[in-house]
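Could you build all of it, start to finish, from the sequences and the hints given here?
Chains as they are written, first to last, in my numbering: chain H, 1 to 113; chain W, 1 to 115.
Take every hint as true, because none was put in to throw you off.
Okay, derived cross-link-like pairs now, DSSO-like style, lysine-lysine, Cα gap no bigger than 27 Å in a straight line:
{"#": "1", "chain 1": "H", "residue 1": "K51", "chain 2": "W", "residue 2": "K42"}
{"#": "2", "chain 1": "H", "residue 1": "K70", "chain 2": "W", "residue 2": "K42"}
{"#": "3", "chain 1": "W", "residue 1": "K78", "chain 2": "W", "residue 2": "K42"}
{"#": "4", "chain 1": "H", "residue 1": "K70", "chain 2": "H", "residue 2": "K51"}
{"#": "5", "chain 1": "W", "residue 1": "K57", "chain 2": "W", "residue 2": "K42"}
{"#": "6", "chain 1": "W", "residue 1": "K57", "chain 2": "W", "residue 2": "K83"}
{"#": "7", "chain 1": "W", "residue 1": "K42", "chain 2": "W", "residue 2": "K83"}
{"#": "8", "chain 1": "W", "residue 1": "K96", "chain 2": "H", "residue 2": "K51"}
{"#": "9", "chain 1": "H", "residue 1": "K51", "chain 2": "W", "residue 2": "K57"}
{"#": "10", "chain 1": "W", "residue 1": "K57", "chain 2": "H", "residue 2": "K70"}
{"#": "11", "chain 1": "W", "residue 1": "K42", "chain 2": "W", "residue 2": "K96"}
{"#": "12", "chain 1": "W", "residue 1": "K57", "chain 2": "W", "residue 2": "K78"}
{"#": "13", "chain 1": "W", "residue 1": "K96", "chain 2": "W", "residue 2": "K78"}
{"#": "14", "chain 1": "W", "residue 1": "K96", "chain 2": "W", "residue 2": "K57"}
{"#": "15", "chain 1": "W", "residue 1": "K96", "chain 2": "H", "residue 2": "K70"}
Examples of chain H residues toward chain W, derived with CB under 8 Å:
{"#": "16", "residue": "E41"}
{"#": "17", "residue": "P43"}
{"#": "18", "residue": "F88"}
{"#": "19", "residue": "E105"}
Because the hints were derived from the structure by calculation, they are not lab data. Glycine included, C-beta positions come from ideal geometry on N, C-alpha and C.
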Amino acid sequence: GQQLNQSPQSMFIQEGEDVSMNCTSSSIFNTWLWYKQDPGEGPVLLIALYKAGELTSNGRLTAQFGITRKDSFLNISASIPSDVGIYFCAGQLRPTSGSRLTFGEGTQLTVNP
Amino acid sequence: EPEVTQTPSHQVTQMGQEVILRCVPISNHLYFYWYRQILGQKVEFLVSFYNNEISEKSEIFDDQFSVERPDGSNFTLKIRSTKLEDSAMYFCASSKQGNQGQPQHFGDGTRLSIL
Chain H
1 GQQLNQSPQS MFIQEGEDVS MNCTSSSIFN TWLWYKQDPG EGPVLLIALY KAGELTSNGR
61 LTAQFGITRK DSFLNISASI PSDVGIYFCA GQLRPTSGSR LTFGEGTQLT VNP
Chain W
1 EPEVTQTPSH QVTQMGQEVI LRCVPISNHL YFYWYRQILG QKVEFLVSFY NNEISEKSEI
61 FDDQFSVERP DGSNFTLKIR STKLEDSAMY FCASSKQGNQ GQPQHFGDGT RLSIL
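Structure representation (structure tokens):
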């Protein structure tokens with residue numbers, strides 16, 4: 001099946017630093033999404049990307065849909081302690097409702113005050 | 001903001017027993033999903049459901065699994081004869097209908113522990 005390779009697996013940063021994480025795939029996805037998961041909770045949608053090359057921001061978060069449709073990155077600027085959590089990329093092959101999401105392995109982010 | 005709600009938050013069951021996990025999707029959403037996450041691993045797709053039938057299912061979703069929308073608000077996942085390896089977080093998700101893929105919104109999950 002399709003697999004997403006997400007890196008890095010974990011990051012330890014100081015408050016105020018910028019963060020970058022990315023996902024790559026050997027196959028094409030038509031939608032890329034980024035979710036954040038806090039302990040004991042479900043994934044919360046951060047950003048959804050629908051077009052190759054698309055660059056979208058949500059506050060301090062910026063994500064891009066790679067032009068080859070095989071990769072995406074997420075940047076977090078000026079990190080704060082509440083950014084701590086696991087960040088997952090997810091790809092959707094078919095750009096229609098009902099299509100499965102394939103998740104990456106996640107990036108565990110720790111922010112030191 | 002509307003959200004997906006799941007009950008119970010934690011279910012402990014003896015191996016071989018049947019278990020039903022319940023979800024109330026967001027009210028104007030028409031597509032429903034179940035995913036699972038084994039401890040420390042990534043989220044994996046199980047099944048999607050639309051118009052009272054399964055749209056897509058993964059290889060994990062074998063004959064011991066079934067889904068149902070018993071009324072206008074609930075969406076359930078049944079595991080007929082649980083195994084130890086079924087222990088995981090189970091997440092329900094829902095999305096709107098649209099020409100372009102609509103983002104899936106997740107509940108907080110049910111932690112299933114099989115003894």
